[in-house]
Amino acid sequence: MTEKNPKPQVSEEEPEVSGKKEPEVSEKKEPKREKYVYNGKTPPLNIFLHWCKACNLCIAYCPKKVLEPDRDGKPVLAHPELCNQCAICWLHCPDFAITSTYK
Amino acid sequence: MNNNGKKVLLQGNEACLHGALYAGVEFFAGYPITPSTEIAEGMAREMPKKGGKFIQMEDEIGSIAAVVGASNAGCKSMTATSGPGYSLMVENIGYAYMTETPCVIINVQRGGPSTGLPTKISQSDTMQARWGPHGDYTAITVAPSTVEGCFVEVVRAFNLAERFRTPVTVLADEVLGHMREMMRVPEPGELEVIHRNKPDVPSEWYRHFEITPSLVSPMASFGEGYRYNITGLTHDQDGFPTAKSQEIKDKLDKLQKKIMRYSDEIFKIRTDKMEDAHIAVISYGTVSRSVLQAIKMARERRIKVGAIQLLTIWPFADSKIREMLKNVKRVIVAELNMGQLVREVERVASRHTEVLPLNRYDGEVMTPQQILDRIREAVKS
Amino acid sequence: MITTQATQSAIVHNYLRPKKSFPNVWCAGCGNGIVMGALIRAIDSLGLDKNKVVVVSGIGCSSRMPVYLDFNTLHTTHGRALAFGTGVKLAKPELKVIVITGDGDALAIGGNHFIHACRRNIDITTILINNKIYGMTGGQFAPTTPGGSFATTAPYGNYEKQFDAVKLAIGAGASYVSRGTVYHVQPLERLIAGAISKRGFALVDVISNCHTYYGRFNKEGDAVAMINDIKKQAVSVKAAENMSPEKLKGKFLTGLIHEHDATEFCEEYQKLVDRLSGKER
Chain A
1 MTEKNPKPQV
11 SEEEPEVSGK
21 KEPEVSEKKE
31 PKREKYVYNG
41 KTPPLNIFLH
51 WCKACNLCIA
61 YCPKKVLEPD
71 RDGKPVLAHP
81 ELCNQCAICW
91 LHCPDFAITS
101 TYK
Chain B
104 MNNNGKKVLL
114 QGNEACLHGA
124 LYAGVEFFAG
134 YPITPSTEIA
144 EGMAREMPKK
154 GGKFIQMEDE
164 IGSIAAVVGA
174 SNAGCKSMTA
184 TSGPGYSLMV
194 ENIGYAYMTE
204 TPCVIINVQR
214 GGPSTGLPTK
224 ISQSDTMQAR
234 WGPHGDYTAI
244 TVAPSTVEGC
254 FVEVVRAFNL
264 AERFRTPVTV
274 LADEVLGHMR
284 EMMRVPEPGE
294 LEVIHRNKPD
304 VPSEWYRHFE
314 ITPSLVSPMA
324 SFGEGYRYNI
334 TGLTHDQDGF
344 PTAKSQEIKD
354 KLDKLQKKIM
364 RYSDEIFKIR
374 TDKMEDAHIA
384 VISYGTVSRS
394 VLQAIKMARE
404 RRIKVGAIQL
414 LTIWPFADSK
424 IREMLKNVKR
434 VIVAELNMGQ
444 LVREVERVAS
454 RHTEVLPLNR
464 YDGEVMTPQQ
474 ILDRIREAVK
484 S
Chain C
485 MITTQATQSA
495 IVHNYLRPKK
505 SFPNVWCAGC
515 GNGIVMGALI
525 RAIDSLGLDK
535 NKVVVVSGIG
545 CSSRMPVYLD
555 FNTLHTTHGR
565 ALAFGTGVKL
575 AKPELKVIVI
585 TGDGDALAIG
595 GNHFIHACRR
605 NIDITTILIN
615 NKIYGMTGGQ
625 FAPTTPGGSF
635 ATTAPYGNYE
645 KQFDAVKLAI
655 GAGASYVSRG
665 TVYHVQPLER
675 LIAGAISKRG
685 FALVDVISNC
695 HTYYGRFNKE
705 GDAVAMINDI
715 KKQAVSVKAA
725 ENMSPEKLKG
735 KFLTGLIHEH
745 DATEFCEEYQ
755 KLVDRLSGKE
765 R
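Residue numbers (the working numbering), protein chains in the order written: chain A, 1 to 103; chain B, 104 to 484; chain C, 485 to 765.
Isolated chain A, as found in the complex (with noise of 0.2 Å):
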């Protein structure tokens, strides 16, 4: 199981839910949008640095290396054209504190 890739197996059992309504993660969802490319001018993420707490979550599990510390441990977009939007780092975020403009 590498990092990029955090979970295929277990997607498959979630569905087993009986009840009033059945979630709907799959249906809010858009049709397929393209693949994200960097433009060149929005940046891919978001970053609040007055509630971030320099964890160090999102710079250790970027998969592409897109971000890295600055002098006080809070991310910086030091690569922004290697992002995917595979949405590691905002998932993991503890303070909402990383989003996407994508996603």
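I should point out that these hints are in silico values taken from the structure, not numbers from a laboratory. Any given hint could be a false lead.
Simulated pairs of lysine-lysine, DSSO-like, Cα-Cα distance not exceeding 27 Å [claimed, not checked]:
1) K354/B x K504/C
2) K716/C x K65/A
3) K301/B x K534/C
4) K536/C x K301/B
5) K504/C x K352/B
6) K103/A x K504/C
7) K504/C x K357/B
8) K103/A x K715/C
9) K347/B x K503/C
10) K64/A x K715/C
11) K715/C x K65/A
12) K763/C x K153/B
13) K153/B x K536/C
14) K152/B x K763/C
15) K755/C x K152/B
16) K755/C x K153/B
17) K645/C x K716/C
18) K716/C x K64/A
The hints should help you fit chains B and C onto chain A, whose structure is shown.
Chains B and C in isolation, oriented as in the chain A frame:
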């Protein structure tokens, strides 16, 4: 019960139950304990019939927790227990004080401490009703002495709880809970029934613990469109935990002042033959019944004695009692414990009033003869 | 102000209390924040009305979560969150009650309320954030602290035995029992969404990291190292079917571990009320 206005034979616990139904109770969570089990059993029968909610929780702590949760969800809630159960509940009763949640807890007292005497009477939880939970807060406690009193005082307890957004303890005892007596059931509308104040501001402006001019904040319930935080941590007016000294002081002042400011409307004292009395007998609960008889017997012997019955025990009516004891040379405080309320009387009595405790703590009721003997001793010395 | 067109990553801002000051109170890298994000995204995916969601918690680091969430929140006494939640749910069954609790809060002091809530199968969703230690009070051992680990009240190593919250819940009768981790965030979101949708008592046991105390006392490293360890020890239920017991040693199962259908407490009570009112009329 369709006997409004007529006289019926009821048990004390049943009268508590019907008083609660008259007051509009909608949620009961309890755990069986002698001698209050009949209240829970009655609620199990009546609540489903009236569309209210009943649950027997796994312990007393769960019971009071469910009561506080339901009260915050909008229901008038209560529980009933005895000494050991009240001891278990005190943490969450303290939580109800801090979060200003209205609820009623009926404590049908029995002999203590610990498991004590499940089937015998005592009044030894008086101080616990005031100081049970830790911390600084002001308590309201009512104590009926007759079966009809049980009905009326439980309705009054609900009114006080809803009006002041506080838990209220009703102190009954084993004999009162299990005795059967004729009582007159009030008609619907005869006794006032108060509901909590609801907010009338848009949800963005609502503050669940707002320090209003009356010091009692209007109370929204879950699911009404107001979303707020309730916490047992000392909090500010929005309900967020705080460490600022001014906010802490404001909160604790509010908890005390909201009740003490209106204490005149909370006090309820019944007096008998106090106009020319040189000796007074202060009592509460079942003992008051014996005191009334003892006063009659003493007056026949031309002893100038009067009775003071406290129907509201906490907050203690300092100024009123001091006023009543102005011309009294000796005051006897009759209790079924080793001396709990007598400390309060000693505190407010002036130097020229001698306070004489009269205690019985062997599990039996106090007889009028015992009280009369004490009165005669007081006259002689 | 974020509009409804928010990207999935920013949707959390629609559900955080505007009056509360951020950043949150937890340590840097604490799994509690990750679980909060997963919970919010799960609630958003289900389209629940904010006014009808009640979040109840006990005492502990995990239980500090509700104050940040823009729902009806109730922060109660230690271990009693499920009892308070039972009162709220029974009083108003149309509210969605979610209980956030920790391993000490639910399994130690709150153990009794935990097993009875499972037994009643009351429609409450419990998110038990399991970091194997008592974090808020400074690192004492919990009923889930592994044997031999160090804690402030186990300075020579923990010689006590452990619970498994999932097995306890299954034994007590819960109808939806699952386990997630703070590494596998998207499966966690799906588990939480399934738990909320389930009509009955639902448990999501989230394996989380406390690098400030547990990690420091037991030399497990910082947040990144501990979460990597969690990832290594996690095995999905489906994958475990094809693995031998030697391979499963030292690992824990994740995913939906048990589910069954059973009558729910508030429904049964309502049936009784209907029956009695029908009888009298």
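Worksheet item: Which of the numbered hints are not met once you compare them with the structure shown?
Response: none
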